[in-house]
Amino acid sequence: MSENILKSEERVAFALRTIYRKYGYLPYKMSKFEAYDLYVANKEFLVGDGVITFNDTDGKLLALKPDVTLSIIKNGNDSEKQKVYYHENVYRISGETKQFKEIPQVGVECIGKLGAYDIYETVKLAMESLRAISEHFVLDISHIGILASVLEEIGLGEEFNRETMRLLSEKNVHETRALCERRGVTQAETDKLLTIVGSYGNMRAVLQKIQPLCQTPKAQEAYKELAVLCDLLEKNGYGDNARFDFSVINDMKYYNGIVFKGFIDGVCEGVLSGGRYDKLLQSMGRKSNAIGFAVYLDLLEGFQKRKTEYDVDALVLYDESTDTAMLAQQIDALTKSGESVRAQQEKETGKVRFKKIFDFTAKGEKL
Numbered sequence: 003m004s005e006n007i008l009k010s011e012e013r014v015a016f017a018l019r020t021i022y023r024k025y026g027y028l029p030y031k032m033s034k035f036e037a038y039d040l041y042v043a044n045k046e047f048l049v050g051d052g053v054i055t056f057n058d059t060d061g062k063l064l065a066l067k068p069d070v071t072l073s074i075i076k077n078g079n080d081s082e083k084q085k086v087y088y089h090e091n092v093y094r095i096s097g098e099t100k101q102f103k104e105i106p107q108v109g110v111e112c113i114g115k116l117g118a119y120d121i122y123e124t125v126k127l128a129m130e131s132l133r134a135i136s137e138h139f140v141l142d143i144s145h146i147g148i149l150a151s152v153l154e155e156i157g158l159g160e161e162f163n164r165e166t167m168r169l170l171s172e173k174n175v176h177e178t179r180a181l182c183e184r185r186g187v188t189q190a191e192t193d194k195l196l197t198i199v200g201s202y203g204n205m206r207a208v209l210q211k212i213q214p215l216c217q218t219p220k221a222q223e224a225y226k227e228l229a230v231l232c233d234l235l236e237k238n239g240y241g242d243n244a245r246f247d248f249s250v251i252n253d254m255k256y257y258n259g260i261v262f263k264g265f266i267d268g269v270c271e272g273v274l275s276g277g278r279y280d281k282l283l284q285s286m287g288r289k290s291n292a293i294g295f296a297v298y299l300d301l302l303e304g305f306q307k308r309k310t311e312y313d314v315d316a317l318v319l320y321d322e323s324t325d326t327a328m329l330a331q332q333i334d335a336l337t338k339s340g341e342s343v344r345a346q347q348e349k350e351t352g353k354v355r356f357k358k359i360f361d362f363t364a365k366g367e368k369l
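The numbering used here puts the first residue of the sequence shown at 3, with every later residue one more than the last.
These are calculated hints, taken from the structure and not from any lab test. Just so you know, even glycine gets a beta-carbon here, dropped at the ideal spot from N, CA and C. Please note that a few of the clues may not be correct.
[Stated by the list, open to error] Heads up, simulated DSBU-like pairs for lysine-lysine below, C-alpha to C-alpha not over 30 Å straight-line: (1) Lys-31 / Lys-211; (2) Lys-31 / Lys-103; (3) Lys-237 / Lys-255; (4) Lys-62 / Lys-76; (5) Lys-85 / Lys-255; (6) Lys-281 / Lys-103.
[Said to hold, decoys possible] The following label-pair restraints were derived from C-beta to C-beta distances: (7) Gln-189 / Lys-115: 35 to 45 Å; (8) Gln-101 / Arg-168: 48 to 58 Å; (9) Gln-101 / Lys-289: 34 to 44 Å; (10) Asn-91 / Asp-325: 29 to 39 Å; (11) Glu-348 / Lys-237: 35 to 45 Å; (12) Glu-130 / Phe-102: 39 to 49 Å; (13) Leu-329 / Asn-243: 21 to 31 Å; (14) Lys-365 / Gln-101: 47 to 57 Å; (15) Glu-236 / Asp-325: 22 to 32 Å.
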């Protein structure tokens with residue numbers, strides 16, 4: 003099937019699935035419904051403000067799936083590595099409109115014993131996913147371990163950590179400093195926290211800036227992981243599109259390592275989000291490691307409309323005088339070359355955007 007006849011969302015999803023299959027990821031398919039208990043137990047992991055529920059015929063409470071990752075974890079085991087991709091619609095209650103929303107997603111999950119290459123490959127696939135959507139993209143990368151180490155040094159507990167992480171994700175330096183002052187955090191610890199979060203941009207420059215601040219074993223291990231990832235990305239041609247940004251933060255209850263968010267020019271929100279989430283597996287009784295990401299296809303709708311300048315590659319005009327056999331032959335030749343074609347009688351109305359036109363009417367010019 004030619005990609006030219008697919009809708010923009012389908013075209014992107016097809017391109018992404020092709021990338022993932024090339025790296026040995028297998029398709030994962032789930033039903034629209036899951037037991038509500040699965041999502042209640044892990045509600046803090048979910049994106050969105052609620053879960054859409056209903057009663058099955060036997061009275062059991064079910065939910066329209068608001069997430070795919072939880073289902074993959076639930077239905078896997080620790081005896082073998084899972085490398086899967088999915089193209090699913092998830093169902094959530096919009097935080098803005100409070101209405102039901104159907105959200106198409108494509109994503110990958112790698113679950114098992116993870117090494118440096120697995121982390122690099124997942125980050126690489128995230129970058130390849132962004133590149134398949136737009137040549138103007140960037141992936142912001144962070145590491146939960148470095149921030150977690152600083153917060154452990156401060157030692158003010160989960161409530162302080164949660165509020166600090168929220169402020170830091172907003173790059174709200176003023177309120178973060180004020181919070182530290184209210185809670186009696188030392189000036190040195192406050193400066194370390196703000197320096198790390200304020201470090202953003204070129205990977206090498208950021209590594210150089212934060213290295214003196216990574217003093218605990220946990221922070222040093224996280225730093226080494228970032229340095230290895232930086233080397234691999236640079237050596238394989240991804241350095242210009244990757245940045246380190248420690249305001250990229252996910253819930254420390256579930257995430258424990260590399261986290262990242264992807265952006266493309268023309269869309270203000272992150273169209274891709276992911277990271278390492280070993281703690282989520284542990285909370286669900288699994289012993290494996292895990293890393294993955296999702297691409298939010300709904301955010302691409304406006305971008306794809308702006309990007310698509312033409313409805314078809316070629317518009318072919320004909321009338322009663324046009325030889326039908328010749329017309330069919332010419333259209334067949336165009337479609338076999340990979341172009342999309344619309345055949346239209348000259349008298350038909352309707353605005354069609356096209357790259358080129360062929361006029362086979364009595365007054366037109368032949369090919």
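Each hint, compared with the structure:
no.: 1; hint: Lys-31 / Lys-211; in the structure: violated, 44 Å
no.: 2; hint: Lys-31 / Lys-103; in the structure: holds, 20 Å
no.: 3; hint: Lys-237 / Lys-255; in the structure: violated, 33 Å
no.: 4; hint: Lys-62 / Lys-76; in the structure: holds, 18 Å
no.: 5; hint: Lys-85 / Lys-255; in the structure: holds, 23 Å
no.: 6; hint: Lys-281 / Lys-103; in the structure: holds, 28 Å
no.: 7; hint: Gln-189 / Lys-115: 35 to 45 Å; in the structure: holds, 42 Å
no.: 8; hint: Gln-101 / Arg-168: 48 to 58 Å; in the structure: violated, 25 Å
no.: 9; hint: Gln-101 / Lys-289: 34 to 44 Å; in the structure: holds, 40 Å
no.: 10; hint: Asn-91 / Asp-325: 29 to 39 Å; in the structure: violated, 46 Å
no.: 11; hint: Glu-348 / Lys-237: 35 to 45 Å; in the structure: violated, 57 Å
no.: 12; hint: Glu-130 / Phe-102: 39 to 49 Å; in the structure: violated, 32 Å
no.: 13; hint: Leu-329 / Asn-243: 21 to 31 Å; in the structure: violated, 46 Å
no.: 14; hint: Lys-365 / Gln-101: 47 to 57 Å; in the structure: holds, 53 Å
no.: 15; hint: Glu-236 / Asp-325: 22 to 32 Å; in the structure: violated, 59 Å
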